[in-house]
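Visitor: So you can see what is in the structure, the chains are spelled out below.
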Amino acid sequence: GENVEQHPSTLSVQEGDSAVIKCTYSDSASNYFPWYKQELGKGPQLIIDIRSNVGEKKDQRIAVTLNKTAKHFSLHITETQPEDSAVYFCAASNNAGNMLTFGGGTRLMVKP
Amino acid sequence: DVKVTQSSRYLVKRTGEKVFLECVQDMDHENMFWYRQDPGLGLRLIYFSYDVKMKEKGDIPEGYSVSREKKERFSLILESASTNQTSMYLCASSWAGSTDTQYFGPGTRLTVL
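Order-wise, the sequence lines are chains A and B.
With our numbering applied, the first sequence covers 40 to 151.
With our numbering applied, the second sequence covers 5 to 117.
Looking at chain B on its own, in the form it has when it is part of the complex (with noise of 0.2 Å):
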């Protein structure tokens, strides 16, 4: 069965300190996405990599970065974690190719006070 973990259901953070989500996937998926929702605005992306190493930026990747050493792990780094970045995080992976459906984590709430 297909699986993608998050590292953390909930996470408290403080304005200003480096936030690590981590997300793995089981299938050998080549593509992997990071979005953030919020109630109205759906889901928005924040970046995506097809490969190893390989990122592309989305709609929304200001105060962000991501990092994939490693195929089926792919991580988002808020490098200075502000108020506004709170929200729900959710991690996708997917076949290659943009018409291949997208296997979603159950997401990480992130409340930065």
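Bound conformation, chain A alone (with noise of 0.2 Å):
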């Protein structure tokens, strides 16, 4: 089945600065790929995907890449805010069973 690696487990980081966060899949069929938030005492909530037609999405302040190649994709915040800080979730997805593969998490701090 599909395993999904997620990197770094914690990241802090100053206010205004950049975070990027990477994960790595093992199923070369998945072909979806969101992210979800998780905020403190809340369920997770899907701020960004992409699919495997495309390398790139951006929303504002947050985008993210797609290599399947390598297969690896990778969430990247600009601008941080006080208000990124929560738990960052990625996962992938085939298609084939209505299922996501999550990572297992990044913890973002932002320092203000």
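These are computed hints drawn from the structure, not numbers from a lab.
Chain A is faced by these chain B residues, among others (derived, beta-carbon under 7 Å):
id	residue
1	Gly44
2	Leu45
3	Gly46
4	Leu47
5	Leu94
6	Thr103
7	Thr105
8	Phe108
9	Gly109
10	Pro110
11	Gly111
Here are the simulated DSS-like cross-link-like pairs (lysine-lysine), alpha carbons at most 27 Å apart as the crow flies:
id	chain 1	residue 1	chain 2	residue 2
12	B	Lys74	A	Lys81
13	A	Lys81	B	Lys61
14	A	Lys107	A	Lys96
15	B	Lys75	B	Lys57
16	A	Lys61	A	Lys150
17	B	Lys75	A	Lys81
18	B	Lys74	B	Lys7
19	A	Lys81	B	Lys7
20	B	Lys59	B	Lys22
21	B	Lys61	A	Lys76
22	A	Lys150	A	Lys97
23	A	Lys96	A	Lys110
24	B	Lys61	B	Lys75
25	A	Lys81	B	Lys17
26	B	Lys7	B	Lys57
27	B	Lys17	B	Lys59
28	B	Lys22	A	Lys81
29	B	Lys74	B	Lys22
30	A	Lys76	B	Lys7
31	A	Lys81	B	Lys59
32	A	Lys76	A	Lys96
33	A	Lys97	A	Lys81
34	A	Lys107	A	Lys76
35	B	Lys57	B	Lys22
36	B	Lys61	B	Lys17
Small disclaimer: the values here were computed from a predicted structure and weren't measured.
By construction, the Cβ of each residue, glycine as well, lies at the ideal position given by its N, Cα and C atoms.
Relying on the hints, combine the two individually framed chains into one complex.
Guide: Structure representation (structure tokens):
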């Protein structure tokens, strides 16, 4: 089955700096890669996703890049703000079974 | 607004007890999921249901069962709770298809003593 690895497990940045979280996946059939953000006391919420037919997608301060050859994808957050502090999860899916496989999560701390 | 609710935010049970975790969604979603969240391990799928009375095992189904008698409600059952089932349990729902957004509930923190 699919295996998704996520790094780093914790990331501390200064407000205004950029943050990058990286994930690798094992199943070359995977073609959908969402990112979820989990704030304290809440369930994860989708923030951005990318499909295998594109290499990059942006939404304001967040962007995701995908390298299918290397089987890795990354989340980029620019101009970080304290409200970006949360746990971020990457995931992968191959459309075959309605299921997502999640990475281990990254705790991002943005220091004011 | 999309809403997934879970019956309890915190639950404390004793070893050997039967535990029911309830999840209700108000979006008429076909798919419902139960995940377990542990530090460093991310979200691991326990069971998934794609229709009423239908279910599929996820990655870690051992020690758990599920019930979906109505479309909006998905229950996770621990037949005989054990201390290694102490964890955060998250319910989610989505439209049919694996590329549809999953909407999560706030989670239930279960402690088994």
